[in-house]
Amino acid sequence: MNLNHKILYPVKGQQKNIFFSGKGGVGKTSMACITAVETAAKGFKTLLLTTDPASHIGSVLDCPITDHITNVEGQDNLYAVKIDQKKATEEYKEQVLKDAREKFDKTTIMAMEEELDSPCTEEMASFQKFVDYAGGADFEVIVVDTAPTGHTLRLLELPMDWSKQIQMKAGVSTGISKEDQAQKDRFDRVIDMMKDPEKTTFSFVMYPEKTPIVEAHRASKELNTLGIETQLAVGNLIIPEEHAVTPFFKNRREMQLKYLAEMKATFPKAAHLEVPMYGEEIKGLRMLREIGKSIFK
12 MNLNHKILYP VKGQQKNIFF SGKGGVGKTS MACITAVETA AKGFKTLLLT
62 TDPASHIGSV LDCPITDHIT NVEGQDNLYA VKIDQKKATE EYKEQVLKDA
112 REKFDKTTIM AMEEELDSPC TEEMASFQKF VDYAGGADFE VIVVDTAPTG
162 HTLRLLELPM DWSKQIQMKA GVSTGISKED QAQKDRFDRV IDMMKDPEKT
212 TFSFVMYPEK TPIVEAHRAS KELNTLGIET QLAVGNLIIP EEHAVTPFFK
262 NRREMQLKYL AEMKATFPKA AHLEVPMYGE EIKGLRMLRE IGKSIFK
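Adding 11 to a residue's 1-based position in the sequence shown gives its number in my numbering.
Warning: the hint list may mix true and false statements.
[Stated by the list, open to error] List time: in silico BS3-like cross-link candidates among lysine-lysine, alpha-carbon distance up to 25 Å: (1) K17 with K261; (2) K98 with K23; (3) K56 with K23; (4) K195 with K114; (5) K280 with K221; (6) K280 with K261; (7) K206 with K17; (8) K195 with K17; (9) K34 with K195.
[Said to hold, decoys possible] Just the calculated beta-carbon pair ranges, DEER-fashion: (10) R112 with V22: 21 to 29 Å; (11) K195 with F260: 19 to 27 Å; (12) V22 with A122: 42 to 50 Å; (13) K304 with D73: 28 to 36 Å; (14) K23 with T118: 49 to 57 Å; (15) E209 with E285: 24 to 32 Å; (16) K56 with G290: 30 to 38 Å; (17) R112 with V225: 41 to 49 Å; (18) T222 with K280: 17 to 25 Å; (19) L108 with P279: 32 to 40 Å; (20) E126 with K261: 53 to 61 Å; (21) F260 with E292: 16 to 24 Å; (22) T222 with F259: 15 to 23 Å.
Keep in mind the hints are simulated off the structure, nothing from the lab. Beta carbons are placed, not taken as given, at the ideal position from N, Cα and C, and that holds for glycine.
Please put together the full structure from these sequences, using the hints given.
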């Protein structure tokens, strides 16, 4: 499957961010790992980052991954990290309350503590961690393995609602601090980067059935309202033609081909990538490199 070079690789002097999203169980983690190994093998310093608390990138890479950036042994230029949501949330809450304690009374602090116990705080903390990585200049490519679609959309919409967080931190009568303004500016830069197709490729992974396509299309339309275009649609777990030799597998493959055509009609402006089903678990750098060579041509 021929892909536009710009979809995977950065323009000289720029960073490329590649997001993989989609409903749970479609193969986002495997695709993110395959892509990260591919870009690293091409000589680009690559960070594989997961925002999914349930991600298993360590299992796919066959090496331990922590919340500290780790060099992936066995593949030059490849690093990986996972956002520890619980730890990130506690750090974020402590920072907010530390600033607030210098300004407000105990009653206000108690109200803020209650506000900070909301799920939105976890998402805000995760996004802030993502911004810390994406806003830096340490890597040429950042590949992001996202949580299932709804969580990803909430994450991306958070900076649009940044004013509420600022208001909570600053208080009604207090202006925005220099620190808060600097953080907002960093958020804005990352969002602008995500809207730039030269710098960011947003991908949806689907297996060729109705529900994943419908969910990806709905999410893609929401992303459009944020100014983010879907540039790559990945059809995963496709039964190879040479293995469709029994009536069951022939019927399944025919059904998949019908839905692959529907994917192309649903995402007419995106590049399309087809990834076959494999007879063994996708695991380890050797297998990831082989798959990357076969699908990224």
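A quick look at each hint next to the structure:
1. K17 with K261: violated (36 Å)
2. K98 with K23: Measuring from Cα to Cα gives roughly 35 Å; hence the hint is violated.
3. K56 with K23: Within the cut-off at roughly 13 Å; holds.
4. K195 with K114: The hint holds at about 20 Å.
5. K280 with K221: holds (20 Å)
6. K280 with K261: violated (30 Å)
7. K206 with K17: Holds: K206 and K17 sit about 15 Å apart, inside 25 Å.
8. K195 with K17: violated (29 Å)
9. K34 with K195: Not satisfied, since the Cα-Cα distance of roughly 30 Å exceeds 25 Å.
10. R112 with V22: 21 to 29 Å: Distance hint for R112, V22 is violated at roughly 45 Å.
11. K195 with F260: 19 to 27 Å: violated (54 Å)
12. V22 with A122: 42 to 50 Å: holds (47 Å)
13. K304 with D73: 28 to 36 Å: Given a distance of about 18 Å, which is not inside 28 to 36 Å, the answer is violated.
14. K23 with T118: 49 to 57 Å: Given range 49 to 57 Å: holds, Cβ gap about 55 Å.
15. E209 with E285: 24 to 32 Å: Given range 24 to 32 Å: holds, Cβ gap about 25 Å.
16. K56 with G290: 30 to 38 Å: holds (33 Å)
17. R112 with V225: 41 to 49 Å: With Cβ atoms ~48 Å apart, the hint holds.
18. T222 with K280: 17 to 25 Å: holds (22 Å)
19. L108 with P279: 32 to 40 Å: violated (49 Å)
20. E126 with K261: 53 to 61 Å: holds (57 Å)
21. F260 with E292: 16 to 24 Å: For F260 and E292 the Cβ distance comes to about 20 Å; the hint holds.
22. T222 with F259: 15 to 23 Å: Since the Cβ atoms of T222 and F259 sit about 21 Å apart, the hinted range of 15 to 23 Å holds.
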